[in-house]
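Note that the protein sequences, when read in sequence, are chains A and B.
Here the first sequence stands for residues 618 to 1105, numbered as in my numbering.
Here the second sequence stands for residues 101 to 558, numbered as in my numbering.
Hints were generated in silico from the structure; no laboratory data involved.
We treat Cβ as the ideally placed atom computed from N, Cα and C, and that holds for glycine.
Heads up, a few of these hints could be off.
Claimed, not checked - Ranges of calculated distance between the beta carbons of each label pair, as one might list FRET restraints:
#1 643/A <-> 521/B: 34 to 44 Å
#2 522/B <-> 645/A: 16 to 26 Å
#3 886/A <-> 460/B: 45 to 55 Å
#4 549/B <-> 646/A: 31 to 41 Å
#5 292/B <-> 672/A: 51 to 61 Å
Unchecked claim - Rough simulated footprint, nothing fancy, chain B against chain A, three-plus residues with beta-carbon under 8 Å:
#6 684 to 691
#7 757 to 767
#8 775 to 784
#9 789 to 796
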Amino acid sequence: MVPLVSIMVFLPLAGALVLVALRGASPRQAHLVGLIASGLTLLAALGIWMRGVDGGFAQVEEVAWIPSLGAAYRVGVDGVSLPLVLLTGVLFVAALLFSLKMDERVGAYVALFLLLETACLGVFVALDLVLFYVFWEVTLVAMYFIIAGWGHEDRQRAALTFFLYTLLGSLPLLLAILSLYLGSQPHTFDMRALIAAPPLAGLTATLTLVALLIAFAVKTPVFPFHTWLPAAHVEAPTAGSVVLAGVLLKLGTYGLIRFALQMTPDALRSAAPVVAVFAVFSALYGAFVALAQTDLKRMVAYTSVNHMGYVVLAVAVAAAASREVVRSVALDGAVLQMVSHGIVTGALFLLVGMLQDRAATRDMAQFGGLLRVTPVLGWFFIMAAFASLGLPGLAHFPAEFQIFLGTFGVWPIALVVLLGILITAGLYLRAIQATFLGAVPDRWLTMPGLTRSDIWSVAPLLVLTLVIGIAPWWLLDLIHATVERITS
Amino acid sequence: MPETSMAHDLGLLLPEIALLLTAIAALTAGMLRRDGWALPVTLVGLAIAFGLSVPLVGTQTSIFEGTFRVDALSIWAKLILLPATALVAVLALPEVRGTDREATVFSLLSFTTLGALALAGAGDLMFLVLGLLLSGFGAFALVAYPRTDRATEAAMKYFVFGVVSGAVMTYGLTFWFGATGSTLLSDAQPLGDARLAGMASLLAVLVGLGYKAGLAPFHFWAPDAYEGAPLAVAAYLSVVTKIGAIFGLAQVAISLAPVGVGWRPAVATVAIISMTFGNLAALRQINVVRLLAYSSIAQAGYFLVGLVGAGTSLLALRSLIVFAAAYGAMNIGIFAVVAQAGRDIDAFAGLGRSRPWIGASAVIFLLSLVGVPPLAGFFGKLLLFGAAIDVGYTWLAVAAIVNSVLSLAVYLRIIVPMYQQPGIERPVSVEPTFVWSSALVLTIGLGLGAQVLIGGIL
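Input sequences plus hints: build the corresponding full structure.
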C-alpha cells in the first residue's frame, strides 16, 4: 500500500526544498515548481478520497518516533478531516495560480507557501498530539514570514501582532496536550486512543477545555480574541489572505471538533451554553463590524468572524443536544460550513485582490459601475457575495441551514443569530452597489479585465460554490459517516 | 551498595580523567611553544573523553563513597558539555590565534568544563564547592584573557560576585553540615526537622549555584561579563557553566525531594523571577550580546520549571537533559552567528538577504529558543512543562508559557531587521561557519530525533 497520506503531506515540502536547492531559479521556474507541487498534492488528496474512508480513521500510517514518550508519527483521515484536506489542496493551487504575476523574491515566496501547505495538511491528518502541535506551530511561522515579507504597507506590525497573538493562543494548546497526555493511562499522545477513551474528568477536564477553547478561539477567531485578524488580513498579500481565511481559520474549528468535542466531551457539554453565547455574539459582532467597513478586504475579513461564529455555535449545539439527530445535523452543518467558507471567502479575497491590483485601492467609495468596465470580475464578485450571504443554491446555504436547524432543536433563542444573515445580506448588497453599479468614475474606464491566470484561479472555486450549493450530498455523505460515529 | 574498590571508581571516572589530561596536554603544548597544537590536542582529548562517556549511558551508581554520582545527569552532562566545549574552542580560535595565550585559553576551557562536570555529578557538598571553584577560577581567567579594559572590568565583576556568592554558599552549607552531621547530599533527611538550617542550606545552594547558572536575582554579573568577554567565552558561560550549575542544583533537588524543606516553591519562585526578568530586560537591549545574556537568564529559568519536578516526576530528568542538549546547540549556534554578523543589533539588518543560510540558521536558533516545533528547544520545553504539571505546578507551566510568548517578541527584534532591507555583502570566516552549521544540524536533528536523547535516559 502506497503511503498516500504522507506523500500528500510532504509533497509541498519537497517542492519547497527543490526551490531552496535551486537558489538561482527564475521567477518562472519557481512558479512552475510551486504549481507542480501543489497540483500533485491536490491529486494525491483526490487519490485519498478515491480510496475511500469508512467513517473511522482510515488510511492510517504509523511510524515510531519517540516511543519512550508514546509519541509517534501517526497520520490518517476521516470524514471530518478529508473535506478540509481537499479544501486545502484546492485553495493552495488557486492561491499559487493567482500569484503568477508576482515577481519579487518568488523562490522564497513560493517555498513559504509550500511549507505552509505541508503544515496545514499535517494539522488535518495528524493523529498524534505532538505531531499535531508541530504542524500547528509551523503554520504560524510560515504565515508570519509571508505577511512580513510580501504584505502591504504596515506589514511588519501586522505580522508581529499575528505571530505574538497566535503564539499566545497556541501555547494553551500545549498545556492542554500535556494535560491529556498526563491524564491518559498509559501515557500516550495517540489521538485515536484519547478519542476512544477521553482520559480526563472533573476540574482537570474543565481546565483543559478552557485551555483548548482559548487556543481555538484565537485561531477561529471568536470575539474577543479576533483582534489580530483584520490587521493580518489587510496587510497580507492576497494569496496569503486566501490561505489565512480559507485554511488557517479552519484549524481552529477543526481543533474544536477534534479536541474539545472528541477528547473532553463531558466538559464541553457543560460548557456548551457559554460557548454558544460567545459564538452568537461573535457572529453578530462580525456582521455588524463588517457592515461598518468601507475597505472591501476588511469587510470580507470581518464576515469571516461572522461565518466562523456559526461553526462554533454548531459545535456547541452538537455537544449540548440530547437527541442524536440534532447533534449530527449541527455537526454536519459545521463541517460543511468550514468547506463552504473556505471556498467562498477564498474566492472573495482573490477577487478583492484582483481589484486592488488594478486600482491600488480597496475603498468601495472610490469605485462605481465597474460591472460595465470589468464584467467578468463584477459578476464573479456578485456570485461570490451572494454565496457568502447564504443564498439558496450556493455553498453556504446547505451548511447554514443545517446549523440553524440544529440550533433550533436546542436553543431556539440562539436563532437571534439569524440577524447576522440579514446584516451580511445588507452589507454585500451595499458593497456590490457601491463598487459595481452606478456611474463609473473616469479614472477606472481603462481598467484592464481579468487575465487568464486570474480566471483560472477563481473560476474553479465558483464552480465548487455552485456544485456544493445545488448538490451537497457528495460531500455530506463523506462528512456524515464520521459525524454519525462522533455523535452516537 | 556502591562498590568501593579504587580501581572500579576510577574506571567510572575515566572521562573526567581524560579531560584533565587534555587540559594538561594543551598547557604543555603552550609551554613547548607549540601553541598551534593546543586546539587539535584539545579537540582530540574532548573526543576521547566523549568516547569514554558513551559506554556509561545507563549507569546509575555513585563512587568514592557516594560523593560523586555517575547517573543520568552526570553522564549526559559529559555527552552534552564536551561537544559544547569543542564547539566553543573552535569558535574561540580566530580570536586567540597567534596570541601568546592561545594554549592557555584552550587549557582553561577544559579545566572549566571539568568544574562544570564536578557540579553535574555532585553527590556531596564538597563537590559542589569544588565544582564552583574549579569552574569559577577558570572562567574568570577566560573572561579576562584579551587584557582589554572591558574584559578586565567584566572579569572583575564576575570575580567579585563569584567570591561573594561562593562565601554565602559556603557559610550556608555549614548549617547543612551542622544539621545533618554529614556532607553527603543523600544524608539530607535531618534537614526536614531543622527548619532554620533547612532554609539556610536551601538559600546557600540557590545563591551559589544560582550565581553560576545566571539565574535572577543572582545574575547581576552576567550582562556585563558577557558583553566584555570575548564572544566565544560568552557563549561558553551561557552554556557550559550554566548547565553544570543547573545539573548540580538538580542533584541537590533529587536528594531533597523526600525531605521536603520547601525547595519546590523556592525553585519555582526563582524560575518565575528569572524568566520574567530575563525576557523583559532583553526586550530593551540594542546590543545582541547583552540581549542574549538576558535571554540566557530567562532560559535558565525554564530549566528550573522542569527542575521543580526533580525526584518525583519521571519527566524531570529527561526534560533537563533534553533541554540542556537543545539549549547548548541553539545558544552556541546563535553566538556563532553573532560572531559572523556583529554585536550590534543593526548589524543584523539585511543579513537574511545577503547571507540566506546564515539568516535562516539564525531564525532557526531563535525560534528553537522560543520553543517552536519541530526544533530541539520545543521538545525540551514540552518535557519541562510536562514535569512541572506532573507535580502539580501547572501555574508555573502557565507562567513559562506566557514567558515564551514574551521571548518571541525579544527574538523577533533580531529576526525582523534581517529581512527588512537588502543587506550588505560581508565576508564569512571558516570557524563560525563550522560552529553554526554544526549547531544547526544538532538543533534540527535533536528535534526530529529526540528519541535518541529521551530513549537513552533512564
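Which numbered hints fail: Of the numbered hints, just 1 does not hold.
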